[in-house]
Each structure stands twice: as C-alpha cells, then as structure tokens.
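Colleague: As a plain string of letters, each chain reads:
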Amino acid sequence: MTAKVRFEEVQVGDEIPALAKIVRREEVKAYADASGDQNPLHQDDSFAHSVGFPGIIAHGMFSMAHLVKAVTDWIGDPGALRQMKVQFRAVVFMDETLVAKGRVDALDAGTRTARLSVWAEVDRAGERQLVIKNSRADVQLA
Amino acid sequence: MALNQAFKGREYQQITFPVERDRVLQFVDAVGENDPLYRNPQAARAAGYPDQLAPPTFVTVLQIMTSGQVVLDQELGLNYSMVVHGEQEYDWRRPVHVGDVLTATPVIADIYARGPNEFLVVEADIKDASGETVVVARTTLLSRGTARGADA
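Line order of the protein sequences matches chains A and B. When you line the first sequence up against my numbering, it's residues 1 to 142, in that order. When you line the second sequence up against my numbering, it's residues 1001 to 1152, in that order.
Hints should not be assumed to be uniformly reliable.
To be verified - Think about it this way: if two alpha-carbon atoms lie no more than 30 Å apart in a straight line, the pair counts; the simulated DSSO-like pairs of lysine-lysine are:
no., chain 1, residue 1, chain 2, residue 2
1, B, Lys1127, A, Lys4
2, B, Lys1008, B, Lys1127
3, A, Lys133, B, Lys1008
4, A, Lys29, A, Lys133
5, A, Lys29, B, Lys1127
6, A, Lys4, A, Lys21
7, A, Lys85, B, Lys1008
8, A, Lys21, A, Lys133
9, A, Lys101, A, Lys133
10, B, Lys1127, A, Lys133
11, A, Lys85, A, Lys133
12, B, Lys1127, A, Lys85
13, A, Lys21, A, Lys101
14, A, Lys101, A, Lys4
15, A, Lys4, A, Lys133
Everything labelled a hint here was simulated from the structure, so no lab data went into it.
All chains, please: the whole structure from these sequences, using the hints.
Modeller: This is the structure in structure tokens:
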C-alpha cells in the first residue's frame, strides 16, 4: 500500500522509464469488449474511413491506460497515483508503437508528492507524433 | 448541428456498478497489466488492500455505461459519429477493488465551442457503497466541426 519510490530518491527533471508497446488490432478489440466502448471507429475500417481516417484508431482510453501503467510501474503501487489529467491530441493507428513517458516537474516535501509531465508518442513516417500531450500526473511517494 | 447550451448542469440517471472479478481480469488482460495486485487477491491483501485491485482507468467501464444516456440524448444533439475523446481527468481517492459497489451520476459540467469544434464536459463523482468518493472523473468530448457557423 506504499509506493516503492522514496521521495528522497527523486529529483526534478528525472525521467521515468519509457514504456513501449505495439498496438495490435486484437488488443483494441479486446479493449472494446473490456471497456464496453463498441464505437465502430475502433473496429470497422470502412466506418473509420467514412469519418475521415485511413483505418481504425485505438481508443483514447487505451492509450491513457498504457500511460497510467508507465507511471504505476515506476512508483510500484497503483494506490500512489492520485491524479492524472490528459489531452488526447493525435490518433493511434494499428501496428504503431505507442511509447509512454514522464518526467518529474515538481516535488513537495511537505506532502512527499511529485507532479509529473506525462505524454505518449508514436513515430509516424519518421516524425514524432504526440498522442497525449500537455498532461500531468500527481503521485504520492514513500 | 450545434449542441443545446441549455443542457449545461443537467444531471443524468445514477448507475450502480458492482466490481466483479471476471470483469476486472478482462480489463487487466486488455490493457496488458501484469501487476499481481490486479490478478491475485492474496497479493493485494498482503499489500494491505481488501481484495484484488482494478487498474486506475477501470472506471472507464462505468463511464461508458453512463455515457450512453448522454450521447444518445436526442435533445442534447450530439452526433456520435463526429465525437472524439478530447480530455480525461481522474482524481483518485483510493484504488477500486473487487467487491466494491460503485455508483455514479453523470452531470454535464460544461458545453462550449472553440473554432469549428464543440466541447462537452461530463463529470461523475464515483462513490462506494458507504457514500465515500472513490474517484472523480471528468471527461471532455470533442464534437468535430459542429459549432454553429462551422462548415460541417
């Protein structure tokens, strides 16, 4: 019930370990079933095409879940994640590699908490696209 | 078609959601979580939790259940095929665990336009059986090109 990262071990500017995964169609389908979000935009290529995308896209929450995992893997306890606020700024297509990252922006010694900038990105044709940006997480350190 | 501004502040029907082990495991598998706290009740209890935990974004399941009322509300005027998820905020007070019975009442916190797009903000204070807030969820949906005067 306690974070594995101690407040004294962390400095402003520290980056948390990046977490990468290839987004597969089967996983997005599994996410649709698990979350209950059956919007065809995430399952039906012809529907996605009809609303202006070249193919289906992952749910925004699929990407956020991955970003949360990057943070909770680092702190070692999901109960230590207090707040997260994200902006979804680009879509994720199938077979792209989604990379979740974070950096410590501020520390509060009184509460032993850290505020992180967090983001998720994909490399699309050699260009970095920020899928989640201008986002933050607050964590309780040990 | 533009969203009906009069719906700001509208409260929808409360939903009750028992957190079941199978549903949590299905979600844990889908998001690729491997932490034993999410998979093994003994591991969770050893860490001081009452039962197996649900991942922090598991409450999206509850939000999807409640959001149907909002997105299908004809009078609100949302065209769901033009909607994308713009922003998401969670304020967690404690982790959700198997056996929790959660309730949520979605409220339209805000409706505004920016350029050609409209934004719908839905808030839900998700509580446990004792009435304590477990997590506050704030969802911003973006309706592409539907603002009044946009070439939609």
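Colleague: Between the alpha carbons of Lys29(A) and Lys1127(B), is the straight-line distance 30 Å or under?
Modeller: holds (29 Å)
Colleague: Are the Cα atoms of Lys29(A) and Lys133(A) separated by 30 Å or less?
Modeller: holds (25 Å)
Colleague: Going straight from one Cα to the other, do Lys133(A) and Lys1008(B) come out at no more than 30 Å?
Modeller: Given that 30 Å is the threshold and the Cα spacing comes to 27 Å, the pair holds.
Colleague: Hint check: Lys101(A) vs Lys4(A), CA-CA at most 30 Å. Holds or violated?
Modeller: holds (18 Å)
Colleague: For the pair supplied as a hint, Lys1127(B) and Lys85(A), is the alpha-carbon distance within the 30 Å limit?
Modeller: Holds, at about 20 Å.
Colleague: Does the alpha-carbon distance linking Lys1127(B) and Lys133(A) stay inside the 30 Å limit?
Modeller: holds (29 Å)
Colleague: For a C-alpha distance cap of 30 Å, please report whether Lys85(A) and Lys133(A) respect it.
Modeller: holds (10 Å)
Colleague: Is the Cα-Cα distance between Lys85(A) and Lys1008(B) 30 Å or less?
Modeller: The hint holds at about 22 Å.
Colleague: Check whether the Cα positions of Lys101(A) and Lys133(A) lie no farther apart than 30 Å.
Modeller: It holds: about 10 Å lies between the C-alpha atoms, which stays within 30 Å.
Colleague: Verify the proposed pairing of Lys1127(B) with Lys4(A), using a straight-line Cα cut of 30 Å.
Modeller: Holds: Lys1127(B) and Lys4(A) sit about 28 Å apart, inside 30 Å.
Colleague: Does the structure keep Lys4(A) and Lys133(A) at a Cα separation of 30 Å or less?
Modeller: holds (26 Å)
Colleague: What's the verdict on Lys1008(B) and Lys1127(B), does the C-alpha distance respect the 30 Å limit or exceed it?
Modeller: holds (22 Å)
In this structure, every one of the numbered hints holds.
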